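Turn these sequences into a full structure, and let the hints guide you.
Single-letter residue listing:
4 protein chains.
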Amino acid sequence: MKLHGIFPPLTTPFAGDATLALDRLRENIGKYNRTPLAGYVVIGSTGESVLLSREEIDRVWGVAREAAAGDKILIAGTGVDSTAETIERTNRAAALGYQAALVKTPYYYKSQMTPAAELEHYQRVADAARIPVLVYSVPQFTGLALEADLVARLAEHPNIIGIKESSGNVQRVTEIIHATPPSFQTLVGSATTFYPSLAVGAVGGVLAIANALPELCVELYAAFRAGEAGRARALQHRLLKPTIKCLAEPGIPGLKHAMDCLGYYGGPPRRPFLPLTDAQKREIETTLATVAAATTARS
Amino acid sequence: MKLHGIFPPLTTPFAGDATLALDRLRENIGKYNRTPLAGYVVIGSTGESVLLSREEIDRVWGVAREAAAGDKILIAGTGVDSTAETIERTNRAAALGYQAALVKTPYYYKSQMTPAAELEHYQRVADAARIPVLVYSVPQFTGLALEADLVARLAEHPNIIGIKESSGNVQRVTEIIHATPPSFQTLVGSATTFYPSLAVGAVGGVLAIANALPELCVELYAAFRAGEAGRARALQHRLLKPTIKCLAEPGIPGLKHAMDCLGYYGGPPRRPFLPLTDAQKREIETTLATVAAATTARS
Amino acid sequence: MKLHGIFPPLTTPFAGDATLALDRLRENIGKYNRTPLAGYVVIGSTGESVLLSREEIDRVWGVAREAAAGDKILIAGTGVDSTAETIERTNRAAALGYQAALVKTPYYYKSQMTPAAELEHYQRVADAARIPVLVYSVPQFTGLALEADLVARLAEHPNIIGIKESSGNVQRVTEIIHATPPSFQTLVGSATTFYPSLAVGAVGGVLAIANALPELCVELYAAFRAGEAGRARALQHRLLKPTIKCLAEPGIPGLKHAMDCLGYYGGPPRRPFLPLTDAQKREIETTLATVAAATTARS
Amino acid sequence: MKLHGIFPPLTTPFAGDATLALDRLRENIGKYNRTPLAGYVVIGSTGESVLLSREEIDRVWGVAREAAAGDKILIAGTGVDSTAETIERTNRAAALGYQAALVKTPYYYKSQMTPAAELEHYQRVADAARIPVLVYSVPQFTGLALEADLVARLAEHPNIIGIKESSGNVQRVTEIIHATPPSFQTLVGSATTFYPSLAVGAVGGVLAIANALPELCVELYAAFRAGEAGRARALQHRLLKPTIKCLAEPGIPGLKHAMDCLGYYGGPPRRPFLPLTDAQKREIETTLATVAAATTARS
Chain A
1 MKLHGIFPPL
11 TTPFAGDATL
21 ALDRLRENIG
31 KYNRTPLAGY
41 VVIGSTGESV
51 LLSREEIDRV
61 WGVAREAAAG
71 DKILIAGTGV
81 DSTAETIERT
91 NRAAALGYQA
101 ALVKTPYYYK
111 SQMTPAAELE
121 HYQRVADAAR
131 IPVLVYSVPQ
141 FTGLALEADL
151 VARLAEHPNI
161 IGIKESSGNV
171 QRVTEIIHAT
181 PPSFQTLVGS
191 ATTFYPSLAV
201 GAVGGVLAIA
211 NALPELCVEL
221 YAAFRAGEAG
231 RARALQHRLL
241 KPTIKCLAEP
251 GIPGLKHAMD
261 CLGYYGGPPR
271 RPFLPLTDAQ
281 KREIETTLAT
291 VAAATTARS
Chain B
1 MKLHGIFPPL
11 TTPFAGDATL
21 ALDRLRENIG
31 KYNRTPLAGY
41 VVIGSTGESV
51 LLSREEIDRV
61 WGVAREAAAG
71 DKILIAGTGV
81 DSTAETIERT
91 NRAAALGYQA
101 ALVKTPYYYK
111 SQMTPAAELE
121 HYQRVADAAR
131 IPVLVYSVPQ
141 FTGLALEADL
151 VARLAEHPNI
161 IGIKESSGNV
171 QRVTEIIHAT
181 PPSFQTLVGS
191 ATTFYPSLAV
201 GAVGGVLAIA
211 NALPELCVEL
221 YAAFRAGEAG
231 RARALQHRLL
241 KPTIKCLAEP
251 GIPGLKHAMD
261 CLGYYGGPPR
271 RPFLPLTDAQ
281 KREIETTLAT
291 VAAATTARS
Chain C
1 MKLHGIFPPL
11 TTPFAGDATL
21 ALDRLRENIG
31 KYNRTPLAGY
41 VVIGSTGESV
51 LLSREEIDRV
61 WGVAREAAAG
71 DKILIAGTGV
81 DSTAETIERT
91 NRAAALGYQA
101 ALVKTPYYYK
111 SQMTPAAELE
121 HYQRVADAAR
131 IPVLVYSVPQ
141 FTGLALEADL
151 VARLAEHPNI
161 IGIKESSGNV
171 QRVTEIIHAT
181 PPSFQTLVGS
191 ATTFYPSLAV
201 GAVGGVLAIA
211 NALPELCVEL
221 YAAFRAGEAG
231 RARALQHRLL
241 KPTIKCLAEP
251 GIPGLKHAMD
261 CLGYYGGPPR
271 RPFLPLTDAQ
281 KREIETTLAT
291 VAAATTARS
Chain D
1 MKLHGIFPPL
11 TTPFAGDATL
21 ALDRLRENIG
31 KYNRTPLAGY
41 VVIGSTGESV
51 LLSREEIDRV
61 WGVAREAAAG
71 DKILIAGTGV
81 DSTAETIERT
91 NRAAALGYQA
101 ALVKTPYYYK
111 SQMTPAAELE
121 HYQRVADAAR
131 IPVLVYSVPQ
141 FTGLALEADL
151 VARLAEHPNI
161 IGIKESSGNV
171 QRVTEIIHAT
181 PPSFQTLVGS
191 ATTFYPSLAV
201 GAVGGVLAIA
211 NALPELCVEL
221 YAAFRAGEAG
231 RARALQHRLL
241 KPTIKCLAEP
251 GIPGLKHAMD
261 CLGYYGGPPR
271 RPFLPLTDAQ
281 KREIETTLAT
291 VAAATTARS
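Residue numbers (the working numbering), protein chains in the order written: chain A, 1 to 299; chain B, 1 to 299; chain C, 1 to 299; chain D, 1 to 299.
Hints listed in this document are in silico derivations from the structure and should not be mistaken for laboratory results.
Please read all numbers here as calculations on a predicted model, not as lab measurements.
Among the hints, a few may not be true.
Any copy will do: because identical chains look the same in the list, a pair fits if it lies in one copy or spans two.
Taking lysine-lysine and the DSS-like style, the derived pairs with C-alpha atoms no more than 27 Å apart in a straight line are [to be verified]:
(1) K110 / K281
(2) K2 / K72
(3) K2 / K281
(4) K72 / K281
(5) K110 / K241
In structure tokens, the structure reads:
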């Protein structure tokens, strides 16, 4: 299974009363289906996974499965701290038709989550999973990063096919690519270092900002693939501020507001996320206007 | 409600097949009932809370409630990332007879978990909770610490009665005590700084090591209360190595092995915790032998 | 040599044109001589050591030596990154009549400053030094902390007589005291955790805030020594805000302003320190007024 | 002044007795003169700047000045904590014929080294300097990084012409390039992220590993400039392990050993650096053999 290109980790739409708004999810996916996105990650960190009940997760998986076009690869976010529950979630997603599972590192009990513990966790999950596993390292949420030596060990497992590396540390990305065979697929989760990561060998991106700006992400990927270094650099710079101002700083509430501004359904995040202030909203709107202007000017 | 003294955050016993071993929990509590422990925290971090299903948590709460002696204060660990689910868990614990809820900070989406977001989360939980709330700051697991300014704001809420401060940062403990009224109760979660924390005004400890060494913890607390500074210092030093070697370094698997050595049921932890190596077990046993020798020599 | 009690690490007075104001240093020391301070550290971090030339350091050492009363212990701050230069400075201070040297960890090349490198550095310095050596761990400046295992090794050297531990980490202080023989003297550099550190066995403090508030520091030390736990706690709390507001937050410029307010010569810091803003000055003055009020109210 | 291409920050050669070995410096520079290196940084962190006396620094500057070929740009490392001394060193280097000064951030008093303090420090240095200034951010040594907002402010000064950004954080490099005008030159100090940094707009590298492997660094730079993305990626991967195994892990002692292996004079580092163990030396030799093999195989 080739995981090249751009995969947005889908946001989970909520109604004003914080219940699931599954029709809105369907509509968003309908729009994404008409773009060259490679596929979707459903129930990742950006999907507010830790704020959903097990039953809600199943419903989101089900709706996304139905709404996704047939040529889109479907990846389910299934990792939790418990090894057993990660396996249970993974095989539930497999039963629902997902093609791969994105499994974040267990992390709560940090000092004991040694490379040896992570290795054994992933081996057990990969042994038991009925679909291929992508490991997922996201230190900004978990406080714990997978290093290249360990990833090289994980890459030996026949059912572990790649990694989503979200640290934004390009040296680490390079080390992982260096330490793993060409068949092991390294995707990155950081849009602000997407082009540099492609330059050293990453094959794609699971980019939250692609929920709001799928075309820009796809265009950057295409420019890189076409060997147009100058254009790739320019697009990376164009992606920089929106990623910082609509996502990195305001988090998921900001991303959802950007989506609202750009014709998708963003809607409110769940608590404990605070609603955006008016000033935060305006900053997002101003940033998006600049991107639009740059895009228009260019064409 | 006075929360003075020592509260072990109970470990959750599992059988060899990783299912709940509720009889063992009952037996452990039966033994603790005969000590001067002030009460129990049920389903805290030490209880492997993040490795249990909602249904399992209810069963553990139920059994602990039945097994606890009438004079022991019962505190339920109810905090998760979702505000709504934290409220739901808290009121479920209230319905089961728990007297207070220990609510850890939401933390997964770290950059958005600003003091303002934490404040509003806790206010919503405390507004809705049918029992008093203890806030819980445990940066070694969450990567996020509550600072004194925010705790002072939280202390203004009539249903927030105290804090479990587990950072081990004694300056921060002092600042919190300084910034809050005398009615606000500061307990600490770090056994290695328990006496220094009492010295600056903490009223008790929620100490994981008290699962294995309840008498030593109680003795230290009593020495402090009796104004015996030299004895308190000596006991703090006696508690140092067991806490590091049986808990801080090996984590919950180590604590459970120490319990097994000392006549309680520890048993295996759940995955992704690795089982202890023989070398780790021996280090725990050696450390405990030294404590026992010191205790015997003294008496 | 007993290093019990309070040692201010003296600030270095500058005139308005940033040249040394040695008369002012003489005056300050004259005032401190009339207090029960145990001695002085000359050319520590608080003395803006890294902003002085070698020749200036010699002049400061010389003047302080002359001005200090005969019963005050004189400690020279002599540690720099280079082992050879540390030895040279140490023996220069010895020649000028200093009784001990405070030697901070080399730290610039952090990844190579392993425990083995620190050990050998200190052994070479202690071998060559004509006066006893106090090791000095100050991670807030150096990014590097000495842990108890290494300090235990250092304590075996006959010419290493103690440590100034400035991390403010009371568990670490406890571990160091636990790991070293009673003859090894642990002083702390953190005024906000001074009483808790004494409670676990520290024998004194090298406290920057003692430049401005020597009596309060001495009083806290005396209360502890007299076994007056309640009074020690109250004094620790009284010391908390001045230390944070006059020192931890504004740094040496703040401390110098506090000294100016309290009858000592503080004067301007050297660049790159910025001069205090008016708002910063007012906050210091307000804080000091509160301490004075508390002190008056009490007497 | 164009600072494009590769600048090694020269190591400082010492004899067996730790005195300066200036002839060896002359010989090394003689060899570098015959490569397409763009110039030299003399007395940077890699030059063991903090282990040299002022008088030694002048001698090294003088010899390097004489030995350097006329087409090589000469940059002096002149930054220390004191603003006044930084100016003095900078103008001393100017008087000796250096064309630019590399000025690292003051950092010892970290909490006070705010963006405002750094801004004023650099403005004062740039105002007084008789040669252009490159700012230098190297958080692995200083614990303090310059962020893009501040660099944009610094770039407004007519005498500040660029930055050496050594954090290895490619997002930060991108942000700096994004925030500064095209005339402001961003060089990076991290060889492990050199190609990704060039890809987003960096113009050159001040690369310590270029002391040992100047050709490989130059070749990577040339491949990038020629638009050969595949070759640049391959060369970046070839540079990865030598940089980690000969420099990042063993530090300057490792780099010097690699130089000894490759026909340059490395020699011993000064204390407190420990000499390499035999195992460390072998790892460096093995790593270099692999690079040589790869290079030979290719040609």
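Comparing the hints with the structure gives:
no.: 1; hint: K110 / K281; verdict: between (35 Å within a copy, 20 Å between copies)
no.: 2; hint: K2 / K72; verdict: within (11 Å within a copy, 48 Å between copies)
no.: 3; hint: K2 / K281; verdict: neither (37 Å within a copy, 42 Å between copies)
no.: 4; hint: K72 / K281; verdict: neither (32 Å within a copy, 50 Å between copies)
no.: 5; hint: K110 / K241; verdict: between (32 Å within a copy, 20 Å between copies)
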